[in-house]
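A.B. asks: Heads up: the sequence lines are chains A and B, in that order. For the first sequence, our numbering begins at 297 and goes up steadily by one. For the second sequence, our numbering begins at 11 and goes up steadily by one.
In case anyone wonders, no lab produced these hints; they're calculated from the structure. Backbone N, C-alpha and C define an ideal beta-carbon position, used for all residues, glycine too. There's no promise every hint is true.
Said to hold, decoys possible - Far from chain A, some chain B residues (derived; all Cβ distances over 10 Å):
hint	residue
1	Leu79
2	His103
3	Arg143
4	Thr294
5	Leu318
What the hints assert, rightly or not - Some chain B residues near chain A, calculated using beta-carbon distances under 7 Å:
hint	residue
6	Phe21
7	Ala22
8	Asp213
9	Lys290
To be verified - The calculated label-pair distances, taken between Cβ atoms and stated as ranges, are:
hint	chain 1	residue 1	chain 2	residue 2	range
10	A	Leu393	B	Phe430	35 to 41 Å
11	A	Val328	B	Gly225	49 to 55 Å
12	B	Arg143	A	Leu298	33 to 39 Å
13	A	Leu393	B	Pro139	40 to 46 Å
14	A	Ala299	B	Met11	16 to 22 Å
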Amino acid sequence: MLANADRLLTVLAAALAWVGAAAVVALMGITVVAVFFRYVMNDPIFGIEDLSIIALTVVAGASVAYGGRHGAHVSVDVISYSLGSKVTRITDAVMRLLALGILALATWALFTKACGMEKACITGNFSIEHRPFYYFLGVCLGLYTLQVLIELMVGIRAERPADRESPP
Amino acid sequence: MDGTTIAILGFASLFILLFIRMPVGVAMMLVGTVGIWMIRPQAAIPKLAGEIFNEASNYPLTIIPLFVLMGNLAGVSGMSRDLYDAAHSWLGHVKGGLASATVVGCAGFSALSGSSLAAALTMGRVSLPEMQRYNYDNGLATGAIAAGGTLGILIPPSAGFVIYAILTEESIGRLFMAGVLPGLMLTALFIVAIWIVVARNPDKAPGGAERYDLGDRLRAVGRAGWIVGIIVLTIGGIYTGVFSAVEAAGIGAVLALIVTGIRRQITWPNMREVFASTLKSSGTVFMILFGAFVFKTFMGFTGVTYALSLWVDEQGFTGMQVVIAFLAIFIVLGMFMDGFAILVLTVPLVQPIIEPLGVNMVWFGVLMVIALEMGLISPPVGVNCFVVKGIAPDVSLNTIFRGIWPFWFAMLGAIILILFFPQIALLLPNTMFG
Numbered sequence: 297m298l299a300n301a302d303r304l305l306t307v308l309a310a311a312l313a314w315v316g317a318a319a320v321v322a323l324m325g326i327t328v329v330a331v332f333f334r335y336v337m338n339d340p341i342f343g344i345e346d347l348s349i350i351a352l353t354v355v356a357g358a359s360v361a362y363g364g365r366h367g368a369h370v371s372v373d374v375i376s377y378s379l380g381s382k383v384t385r386i387t388d389a390v391m392r393l394l395a396l397g398i399l400a401l402a403t404w405a406l407f408t409k410a411c412g413m414e415k416a417c418i419t420g421n422f423s424i425e426h427r428p429f430y431y432f433l434g435v436c437l438g439l440y441t442l443q444v445l446i447e448l449m450v451g452i453r454a455e456r457p458a459d460r461e462s463p464p
Numbered sequence: 011m012d013g014t015t016i017a018i019l020g021f022a023s024l025f026i027l028l029f030i031r032m033p034v035g036v037a038m039m040l041v042g043t044v045g046i047w048m049i050r051p052q053a054a055i056p057k058l059a060g061e062i063f064n065e066a067s068n069y070p071l072t073i074i075p076l077f078v079l080m081g082n083l084a085g086v087s088g089m090s091r092d093l094y095d096a097a098h099s100w101l102g103h104v105k106g107g108l109a110s111a112t113v114v115g116c117a118g119f120s121a122l123s124g125s126s127l128a129a130a131l132t133m134g135r136v137s138l139p140e141m142q143r144y145n146y147d148n149g150l151a152t153g154a155i156a157a158g159g160t161l162g163i164l165i166p167p168s169a170g171f172v173i174y175a176i177l178t179e180e181s182i183g184r185l186f187m188a189g190v191l192p193g194l195m196l197t198a199l200f201i202v203a204i205w206i207v208v209a210r211n212p213d214k215a216p217g218g219a220e221r222y223d224l225g226d227r228l229r230a231v232g233r234a235g236w237i238v239g240i241i242v243l244t245i246g247g248i249y250t251g252v253f254s255a256v257e258a259a260g261i262g263a264v265l266a267l268i269v270t271g272i273r274r275q276i277t278w279p280n281m282r283e284v285f286a287s288t289l290k291s292s293g294t295v296f297m298i299l300f301g302a303f304v305f306k307t308f309m310g311f312t313g314v315t316y317a318l319s320l321w322v323d324e325q326g327f328t329g330m331q332v333v334i335a336f337l338a339i340f341i342v343l344g345m346f347m348d349g350f351a352i353l354v355l356t357v358p359l360v361q362p363i364i365e366p367l368g369v370n371m372v373w374f375g376v377l378m379v380i381a382l383e384m385g386l387i388s389p390p391v392g393v394n395c396f397v398v399k400g401i402a403p404d405v406s407l408n409t410i411f412r413g414i415w416p417f418w419f420a421m422l423g424a425i426i427l428i429l430f431f432p433q434i435a436l437l438l439p440n441t442m443f444g
């Protein structure tokens, strides 16, 4: 089952990488078009910043999920130098359990409390609704949550010792 | 429980979570959410969702993926190699010149990439074999790469400055400009450090490359023209006010993509590597920011920053004394913690204390980034040293860490100079923004 979940996550992370890469290209294109019209044509495009914000949100979500899948998130590793792998196996399990809790909570919060703090849940110029992008971020953090869950279970079962050494 | 006690408990919990290797952003998110829940339970979940969305859609953060993309394209297109070759042709023949060329190459690459790790990795791969070929001391060679790489978060574009600017609500453009002269000064100090090491012990750099004639040197500089052109356009564009920092990032990325195309390096494996790396680096920064802003909100709710600033005021400390104390704390923390972690953890606490004392936050930002750079090469968790270890598996970590000390002291020298001569950091932003 773990292997299947891991394969599923590989496919989903790859899909998100495509989405994220496309959003980076879009972000680059939007910025250049905005500069061209503002400085060369002397005719700024109304509301183009909204499109940048939308593309950026997609980049942020996809990159966090992809980074989580590939162990890119920064952690401070002092413990493995001073304590042995027997201790880090336990501390990693505790850490992953707590990480799982907060990431699952954040995922749930993004779905249930979308726009909870905002007066107007739309972009400033084109009035694009923010809610779908909260959901997109929820999906991305959900994938990261799933990644941590798999690592937790792998760590506990000790199927892949190398994974126990790397935090999520 | 009063706010200050909750804040102290929050910090203690955070350090425990970081100690057990929880990713920095996740740990801050956890402590921040629990802390907000303890003070205002009804605000905890909406704040968690709201802060994540706010940072994901924070327009100035557009800079991060675009400048990371630009740096990665510079790597695969061979522009970074050209930069090293140009520095090598001018400096390679002098004593310690290959190490100096490495530092200059890192400084140039740093002007295209906001990442210290990318600078150390990219330049290390190019320069280390060359230094080993001429029997450079392993400590000097690896130390020059690790230290040179740290220039990535000082010379604009800098991910460190972007995060600092977002946290303190300072202008990114102003901070970028403030990093230019200190970055150049630190590059010069690194070269002086190399020169002193080699002068004291010539065996550390026994050989030098052959001397290039003027024509070859100019041709090498010409080949580096692409990268120099992009740097001049982006950084010059920000300085002259033609572009905002965000626009410069977009223009720089497109120019780097065009050069990559001209050099026929837009291949499937290259693009896969470039975008995967861009997403991973951007994801690292965004996750930290998600957590940092939840944590910052928690700190605001506790009122601890107000209590601390009152306490500092009562003691009668001057701004300079407090700044020096904080820098000393950052340098010590840098030996155990990641630089970004220190940045996002401490800035929400430090800013309300030093700002009322009249401390210029741009000046302080430069000092803080250099202190964090020291952390990047300080044992036992100097990340850049581990990056260098990855490209020099035959060199022990002890040797690498021994080799960084001349550069560490050069950074300390830079901090002291900027402390007493703030104009080194403030001249360019003041000239530009007034």
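A.B. asks: Decide, hint by hint, whether the structure agrees.
C.D. replies: For each hint, the structure was consulted:
In this structure leucine 79/B is not separated from chain A by more than 10 Å, as the shortest Cβ-Cβ distance comes to only about 6 Å. With a closest Cβ-Cβ approach of about 40 Å to chain A, histidine 103/B is found to remain outside the 10 Å limit, as its non-interface label requires. No Cβ of chain A approaches the Cβ of arginine 143/B within 10 Å, the least distance being about 33 Å, so the stated non-interface status holds. A cut-off of 10 Å between C-beta atoms contradicts the statement that threonine 294/B is not in contact with chain A; the least separation is 5 Å.
Its beta-carbon lying about 24 Å from the closest one in chain A, leucine 318/B satisfies the requirement of being farther than 10 Å from that chain. Annotation: interface hint on phenylalanine 21/B violated; nearest CB of chain A at approximately 14 Å, more than 7 Å. Interface hint at alanine 22/B: violated, since its Cβ lies 15 Å from the closest Cβ of chain A, which is beyond the 7 Å cut-off. Nearest Cβ of chain A to the Cβ of aspartate 213/B: about 32 Å, over the 7 Å cut. The hint is violated.
The closest approach between the C-beta of lysine 290/B and any C-beta of chain A is roughly 4 Å, which is under the 7 Å cut-off, so the hint is satisfied. Remark: the range hint 35 to 41 Å for leucine 393/A to phenylalanine 430/B is contradicted by a beta-carbon distance near 50 Å. Between valine 328/A and glycine 225/B the Cβ separation comes to about 37 Å, which falls outside the hinted range of 49 to 55 Å. Between arginine 143/B and leucine 298/A the beta carbons are some 47 Å apart, a value that contradicts the proposed interval 33 to 39 Å.
Between leucine 393/A and proline 139/B the CB atoms are about 45 Å apart, so this pair conforms to the stated range of 40 to 46 Å. For alanine 299/A and methionine 11/B, the Cβ-Cβ distance of about 46 Å falls outside the hinted range of 16 to 22 Å, so the restraint is violated.
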